[in-house]
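Q: Below, each chain spelled out in residue letters.
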Amino acid sequence: MDNSALFNVLAKQTKRSEKRLTDRHPNAVQFLLNSGITPGKIRDHAARLLTSGILSGTMMLAAPGLHHILPPKTSSLAQLSIVDRQKFFGQEIDVYLPKTVSPLTADQEQGISRLISEFWGIESRSSLDGERLNQSYGLIGAEQHLPRYPGDTVQEHDSFQEKGITPGKGAWGYFSYSKDELTPELVEKEKYYVAVQTLYLPDWNSRLAYLRDWYKYRKVIVVNPANGKTIICDIADAGPAAFTGKHFGGSPEVMAFLGLNVGMQKGPVVLFFVDDPHNTIPLGPAQYNPRKENALALK
Amino acid sequence: MTKLFYDHLIIIEDIELLFTQQKISSEDQQKLLALIHKQLEHTILDTILTYLPEAHHKEFLHKLVHHPYDQQIMTYLKERITVDIEFQIMKTAEKTKRQIIRQIKKTTRTST
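Chains as they are written, first to last, in this note's numbering: chain A, 1 to 299; chain B, 1 to 112.
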């Protein structure tokens with residue numbers, strides 16, 4: 001029996017269903033096409049994923065047409081190099097972010113918290129102890145060094161001296177009373193500081209005493225979604241002013257690590273509070289924190 | 001055949017039986033089934049995207065691209081869609097299948 005007639009009829013029907021999908025959901029179809037997948041060929045794509053060894057955690061190019069290497073399943077994340085970890089993290093976090101810099105929805109913030117926990121083993125959230133900033137996704141701009149003690153000069157800072165030092169103290173004053181009392185821990189606090197807009201919190205003035213203490217050196221995680229670079233910082237200054245159009249400020253070291261110390265010296269970042277009651281997460285470039293996995297293994 | 005996250009909701013054995021009854025060769029059956037699965041993908045995706053709030057489309061598509069076989073996608077959809085999405089997918093699949101079966105019977109009647 002000649003089945004070509006049947007084949008042609010079903011092929012026409014399939015074309016119609018494809019057109020209907022494209023007409024009704026053009027953005028979704030474009031997303032799939034940009035990922036190298038034609039709607040209707042998702043099953044073939046699934047087969048390629050399985051045969052390429054992605055499930056086993058092996059890092060391989062999944063299929064021709066995909067524009068990036070697919071990230072591994074959670075069990076193999078612990079083995080990722082820092083470079084790969086940043087790359088995949090940047091790709092994954094981008095899914096949750098709006099097209100333009102704007103406040104995130106609760107769903108987006110929860111999704112990002114989950115991702116940070118998965119990729120870095122670090123618990124973080126946009127709201128901690130009932131406190132939250134006006135924005136958790138905004139533009140960060142370059143700040144100068146902060147004077148760490150009375151008489152501190154930019155020459156005393158060991159890097160990025162060309163960025164200068166602020167003429168006045170940070171919003172929480174000097175880090176130490178004198179040079180002699182400047183501990184390595186306080187050096188790190190200035191090195192990896194960020195400025196946040198505490199001054200625009202609706203209850204900043206009415207709860208000043210409590211909030212000043214709560215925000216002083218508060219640990220935060222800052223992510224540049226463009227490259228997945230992630231760094232643990234502390235809040236040590238207030239600002240920038242709203243008229244600048246920026247929402248956060250980063251120390252010279254922070255901006256350099258994030259890759260934002262070039263050109264306009266600003267860019268969009270996610271900034272969440274780190275939930276670290278025992279102060280075990282060090283400041284600086286984020287490292288994979290295996291404590292969660294070790295704790296599970298010990299159970 | 002590689003499974004997708006919604007495969008437990010669709011039955012196409014009746015179409016395969018029809019092909020066997022019509023004495024369609026295995027090779028031709030595979031080609032026809034490929035077209036049928038394509039159609040089902042289109043209509044089921046249309047159903048999901050229609051009921052899933054647009055704010056979740058990007059995240060759903062991301063999961064579909066990276067783990068199309070993962071049952072967790074169904075859990076994800078059920079948490080975010082107010083209607084019974086599994087029932088809607090089954091309804092869509094049945095409707096698509098009935099149209100296909102109609103075409104198969106019509107075409108095979110004409111050619112015999």
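There could be a bad hint or two in this list.
Claimed, not checked - Pairwise CB distance ranges, derived in the manner of DEER restraints:
hint, chain 1, residue 1, chain 2, residue 2, range
1, B, 84, A, 159, 36 to 46 Å
2, B, 3, A, 162, 24 to 34 Å
3, A, 114, B, 84, 22 to 32 Å
4, A, 4, B, 71, 54 to 64 Å
5, A, 101, B, 91, 23 to 33 Å
6, B, 33, A, 27, 27 to 37 Å
7, A, 81, B, 98, 32 to 42 Å
8, B, 71, A, 200, 56 to 66 Å
9, A, 130, B, 91, 40 to 50 Å
10, A, 83, B, 91, 17 to 27 Å
11, B, 98, A, 19, 27 to 37 Å
12, B, 86, A, 216, 48 to 58 Å
Stated by the list, open to error - From the structure, some residues in chain A lie toward chain B, with a derived Cβ separation under 8 Å:
hint, residue
13, 5
14, 9
15, 11
16, 20
17, 26
18, 28
19, 33
20, 39
21, 43
22, 47
23, 111
24, 115
25, 201
Keep in mind that the hints were calculated from the coordinates and are not lab data.
All C-beta atoms in this analysis are idealised placements derived from N, C-alpha and C, irrespective of residue type, glycine included.
Q: Checking against the hints above, which ones are violated?
A: Violated: hints 1, 2, 4, 5, 7, 8, 10, 11, 17, 19, 24 and 25.
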